[in-house]
Each structure stands twice: as structure tokens, then as C-alpha cells.
Amino acid sequence: MAVDEGLKIELGKQGIFVTSLQELYNWGRRNSVWPMQFGLACCAIEMIATTMARYDMARFGAEVFRPSPRQADMMIISGTVTKKMAPQVVRLYNQMAEPKYVIAMGACAISGGPFKQGYNVLKGIDRYIPVDVHIPGCPPRPEALLQALITLQKKIDGQHLTGEDRPRFLNAEAQSEFPVPEQGAHDLEPTSNTGVWPVPLVIR
Amino acid sequence: MKTIEEIKAAIEAAVPGAKVEVVINPGPSGQHSLLLGTATAAAVAVFLRDDPTLALDFLSNVTGVDWPDKEITEKVKVPRQVVKTVDGAEQTAEEIVEEARKRVEPGYLEAVYHLYSMAKKHGPVIVRIRTENRTDKTKLPSFTPIWRSAELQEREVFDLYGIVFEGHPDLRRILMWDGFKDHPMRRDYVEPDDFEYEPTAHDEVLARAQAQKAATGVGITPQESGR
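In the order they appear, the protein sequences are chains A and B. So the number in the numbering used here is just where the residue sits in the first sequence, counting from 1, plus 473. So the number in the numbering used here is just where the residue sits in the second sequence, counting from 1, plus 1030.
In case anyone wonders, no lab produced these hints; they're calculated from the structure. One thing to keep in mind: the hints can contain errors.
Covered stretches of chain B (in silico footprint by chain A; criterion: 3 or more residues with CB under 8 angstroms from a CB of chain A, positions within the stretch not fixed) [claimed, not checked]: (1) 1195-1208; (2) 1219-1230.
Far from chain A, by Cβ distances over 12 angstroms, these chain B residues were calculated [to be verified]: (3) A1040; (4) A1043; (5) A1044; (6) T1070; (7) K1105; (8) H1152; (9) I1176; (10) W1177; (11) L1190; (12) R1238; (13) T1246.
Quick caveat, the model's predicted, so the values are computed rather than measured. C-beta: ideal position from N, C-alpha, C; glycine also.
Between the sequences and the hints, there should be enough to build the whole structure, so can you do that?
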């Protein structure tokens, strides 16, 4: 239940600040999203550039890159996910504690990118884990990664604490660990996780 | 540096019984290569590395080539019984007839090595060795004991082409996982079916996407997506 904006401003002029628990909770969460140190390929270099002085991601709270998935809030999949690496990515995602978010950075993480027909390239990490923000680009500019972080922050801002559409970490029945694919004789088995990747169907 | 012919002569002089052929490169680079017989290839490689004038001490690249089986159609003159009609009566006579005969020349796998000399600052000298066929006889001698840089590169050639290098200290797959069964860079490799979503498909990818859609009913093709 949000507070009426006009009333907020009026009270604010008087020195009284009114907020709701949801706003405060989400404000704290969105301004301290700690990413995991996870870079795969060229997009990882752009991610590093975003953390450096010129584009500084620390301004937005994504300051400390945690080496351990247990301590991280967000995983930026930056770079081509090979089929050899894909089970490891899913395993790391499973090890992250809720609430956890995924940014698929670059064309390779979204769909396989320019190497889509490669024999070892996974055609998009969203086949196995749920992705919150996709950033197109090859590689995306650091500003684009910052835009993605801001988009993610807006998404976190809009998450409700109760009700049907509450996020995964407040919903005991929601699935937060996803099956790790096996490396089969010719391909990963299964080729995608049901429920995670809605394989596009034609609706007539 | 010596010309390719001179190197061939030097090898034949130094390694008795060595089989060396020159493979001419018709392109503008003119980088001709030496095809070595597999039995004496290791001895030739040691000579190339240790010879004081050649001193090819740096192996910069190992790669593989898949030469598929060739189907050759030849016209052969063969004597055959031919039925001819002479004055209304049928007669069989023997005649020389030209026939088209097909035969399959077996292909092979090839490992190509690029050698440079750090000491003498010359190169490259390109060396090839071929397997007997593409199916069961795919063993070649490993050059890892001679040049250490062959270690990972021969693993890659094993992974992608299936050439088994004898004498390699640790021959296992390097790019694909250990349980993988195919050799992806071979000409007859078929990728697995994961063409469910191909929004801008054309040519072969479109054909694969449509085939997978027809087989499993899952997926969307560009025509259907309205692009």
C-alpha cells in the first residue's frame, strides 16, 4: 500500500517523512545489490570497465563483487556460455541464496550470440536459469550495463512483500534451485529446463 | 633458409628410409609443405629440430584437416556382350564399350605442424602427416616429446578430429567434455537438435529449424513469428 504522493510531499515540507515498509525494504535491497565475481568472456572486460573509475558501478551500490556465490545477490552472466561450462553456471546459481537476480549481459548470454552455431555454444543461459534483465550488445557499452542495473533496481522496487505476485524468496512454494544439466554423449541433457525457458509456441 | 626441395634432400640424407614428399601450395602465399611418412615422422622431426642449419626449435601451431572419402567416376573401356540388330536378326557380338565406373577413394585425417626457428629466425616449415583412413586407423606419432608446445594442441586435434597421438603424455579432450562422443570438426559432424528458437534463420539453419519443428512440434520459425 503506497502512500499518496501529494501527502508525502506536503508532510516532507513540514519535516515529517512517511514511507511504507515495502518501500523501505526494497530501497535497502535495491541499493546494495552485490554481484558475484563471474565473467566468462569479452563482456566480462566491459563489466570490469564498468566497475572502474570512469563508469563506476559502485555509485549504484553494486560495489563489492563477492567471490563466493553464497554471499552474492546477483550474477552477471557476461560472455559466451559454453556447453562445457553450463552445468557449472547452473550449479553456482543454485548455490546463491535468495533473493538472487541474473543479468544476461551481451548477445552470447541471451541467445548464443555470434557463435550460435558453434559446436560448444549454449544458445542462451535463459534455457536453464531465470534471467531478470537481458542486455543486448556485443559487447554492451558500460552505460548499457549501468542501465541494466538501474532496470533491475526498478524491478526490485516494484516487488510486493505479500500477495500473489510476491517474489520467489518470499514464496515458499516457488522453485529457487534448478536442475543442473548433465553432459551427455552428444549434447547437454536436457536441452532446456521446463518452466524456465518457455520454448516459443505458435498460438493460432 | 633452404628451399623446400633442399630441406627434403637434407631430410633424406640425414634420416635413412624417410619418406618425404613436397605438397605444393598453389595459392599466392606459396607455403609448400612436406608430407612425411608416419613410420619415420618422429625421426624426421628430431632431425628438423636438432639440425644446426635448420634449427626449427619452435612449434607454433598444430592443426588438423579432415579429407573426406572421394567418389570418383571414371570412364573405362570394357569389352561387353552387346545385342545388335543386323538385317532384322538379333546377334550378340563382343564390343568395346565405354562405361562409367564409380569407386570410392578412402579419405584420411591429417595433422599439420608449423615450425619456426627462434635461433636462426626463419620459418615457417610446414609438415604434414596423414592417417590411413578416417574410420579405424587414426593413429599418428605424437610430437610432444620433441616440441612441448604440441601437448595442448594435439589434445585439441584429438578432441576435434579424432586423431589418436601415440606417445602423448595426457591425451584427453580439451574443448569438449570427456563424455562427448563425436568429433566436431569432422566433415560429417551433425550438430544436435537445439534449434527451437531461430528468429532470423536462413539456409541450413532454417532447414534444421523446420525439420526439428516437424519432428517434435516444438519451436517457432521466422515465417510464423511474422518477421
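Verification of the hints:
A count of 3 residues in the stretch 1195-1208 of chain B with a Cβ less than 8 angstroms from any Cβ of chain A is obtained; the coverage claim is therefore met, three being the minimum. Coverage of the stretch 1219-1230 of chain B by chain A holds [criterion: at least 3 residues with CB-CB distance below 8 angstroms; count 7]. For A1040 of chain B, the shortest C-beta to C-beta distance to chain A comes to about 41 angstroms, beyond the 12 angstroms cut-off, and the non-interface label holds. Chain A leaves A1043 of chain B outside its interface by the beta-carbon criterion, the shortest separation being 44 angstroms against a cut-off of 12 angstroms.
Taking the minimum C-beta to C-beta distance to chain A, about 41 angstroms, the non-interface status of A1044 of chain B holds against the 12 angstroms cut. T1070 of chain B, annotated as away from the interface, keeps every beta carbon of chain A farther than 12 angstroms; the closest lies near 35 angstroms. Once the 12 angstroms rule is applied to beta carbons, K1105 of chain B is consistent with being away from chain A; the minimum gap is 40 angstroms. No Cβ of chain A comes within 12 angstroms of the Cβ of H1152 of chain B; the nearest lies about 35 angstroms off, and the non-interface call holds.
Consistency note on I1176 of chain B: stated as away from chain A, and its beta-carbon is indeed over 12 angstroms from all of that chain's, at 30 angstroms minimum. Every Cβ of chain A is farther than 12 angstroms from the Cβ of W1177 of chain B; the closest lies at roughly 27 angstroms, confirming the non-interface assignment. A Cβ of chain A approaches the Cβ of L1190 of chain B within 12 angstroms, the least distance being about 8 angstroms, so the stated non-interface status is violated. A beta-carbon of chain A is positioned within 12 angstroms of the beta-carbon of R1238 of chain B; the least distance is around 9 angstroms.
Non-interface call for T1246 of chain B relative to chain A: violated, since the shortest CB-CB distance, roughly 10 angstroms, does not exceed 12 angstroms.
The structure fails to meet hints 11, 12, 13 from the earlier list, while all remaining hints are met.
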